[in-house]
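The listed protein sequences correspond, in order, to chains D and H.
The first sequence maps to residues 10 to 282 in the working numbering.
The second sequence maps to residues 4 to 281 in the working numbering.
Simulated from the structure, these hints should not be mistaken for lab results.
Hints may contain errors.
To be verified - Pairwise CB distance ranges, derived in the manner of DEER restraints:
hint	chain 1	residue 1	chain 2	residue 2	range
1	D	Glu207	H	Leu269	42 to 48 Å
2	D	Asn180	H	Phe129	51 to 57 Å
3	H	Ser121	D	Ser149	49 to 55 Å
All residues carry an ideal CB built from backbone N, CA and C; glycine is no exception.
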Amino acid sequence: MSAVLNARMVADVPVAPFVPGPAGTQITIRGLTKYFAGWPLYENFDLDIPKHKIVSVFGPNGCGKSTLINMIAGLVPIDAGEILFDGKSLKETKIGYVFQNYREALFPWMRTIDNIAYPLKLEGKSKAQVDRRMAELVASFDVKFDLNRYPYELSGGQQQTASIMRSLAPNPEVLFLDEPFSALDFEMTLFIREKLQEVFMKTGTTMVLVSHDLEEAVYLADQVLLLTKRPTKVAEILTYSDPRPRTVATLSEPSFIAAKKRSLEIFQREVRR
Amino acid sequence: MQKPTATSAAVPWQPPQAGAPSAPLPGKPFLDRALPFAGPVLLFIVWDLVVRLGFIKPILLPSPSDTVMALVQGLAGGPLLKDFLVTVWRTVQAFLIAALVGVPLGVVLGSAEKAYRSVEFLIDFFRSTPSSALIPLFLMIFGVSDINKVAIAAFGALLIVVFNSAYGVMNARKQRVMAAKVMGANRWQVFKDVLIWESLQPSFVGLRSAVSMALVIVIVAEMFIGADSGLGNRIINSQQVMNVKDMYAAILAAGVLGYALNILFLITERKIVHWSGR
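Chain D with its partners taken away, still in its complex shape (with noise of 0.2 Å):
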């Protein structure tokens, strides 16, 4: 019964077509709504994820960045609309996700290395299969602690370092970040953001990373796409090509300021408005 009370007004107007997304998307989201409390955060939300891009979510608080990949990956459930994976489904997708609080992802009761073989096991991996694929993942990490203990031995950076491994271990699609260096200090930030950066140039992984830090959201990725504030619109989808690997040199470079710059710029513009 309440569940009727509580239902939206629905109008009976003719669903849009599906429109695809231009050639090299990855992720088509289309007509996406969801409310919160009554109120809209996204309403007829359309959008393009390139394939093998790193696209960087920013915007102002409370915006729904990271509601914004929590629907993607399935975590939020959404009211009205469509996302498709290359045209599949979530459940037909493989993705990895990354969350901020690596100290509630990871899994205590198990070692640091079978939480990172987790989602091979539950591939239903052979053991041969997932000890291959650990090897690989430990050398390309290059890991320098030890991976038989448990995560709470570890450090924060370690165990950042062990839910990316985590994340990346079925070779996902697409990988979701959600603020992954918040709860890092700036050197294991450093670390991370050279090894998201090494995993990207070897797999050509598609990311989605949600970041509060503009400097590291334009450093990493292909396109920033600026949101507005709620009802959430997109602002601007700005493109930033300099060629990887970006290092600390690039930070200096004039085609870095200047996307820096042009995306502060719309972002206080969309603070304000």
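On the provided structure of chain D, position chain H as indicated by the hints.
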């Protein structure tokens, strides 16, 4: 506990120095180490003085050394040992029933929140009802038997276990559940790989309270439901014939039992739920 917790991110990328000899703890002054014994020693001194100076008649309170002697002799093969073991066995039986039924039931109820909500009132109500108040009811059902004492203790302990395990599941860290889901775990996999583990610590809290509750009820039942053995029975019988030495020895034995069970559970919990509090 044994291993130093990895330092926070302040010193990244150094393998945790588990084996590395950390600076030896500065030798704790002897006084600090003796502190936990201060209370008991003080109690014994006061007790002894009170008896020695005749503030309380020895017929009501024997001297501490006499009592401890009675305790040690009783437990070293004396009749007290038999009653002690009977009480232990009844408590263990009641506890095992409560644990074996309660933990699975609680975990299942907790993962089906609607089911839990529908029996929540019953659990809370009977959890709040002193189990000893139900003794007459159990007497009607089971009669004056050994089963009766175990049954009522198991009942009281069961509710505590169910309650704690159910809440353990319901309060599982949302993010861990989400992490498992996003990796493609189905409901069953989330249940067996995350929810059960998350509920372990609260379950242990429940089990620890449950074993204390079981002991309390067993002792009470032994006192008042026509028992011919057990610590409760021994206490009340000694009191009837004013054999205070035996009575106090039996009371102390009950205390030792309760304390030992508590410690046993704390140690087991620390071993099994090794991540707790970190």
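Here is what the structure says about each hint:
1. D:Glu207 to H:Leu269: 42 to 48 Å: holds, 46 Å
2. D:Asn180 to H:Phe129: 51 to 57 Å: holds, 53 Å
3. H:Ser121 to D:Ser149: 49 to 55 Å: holds, 51 Å
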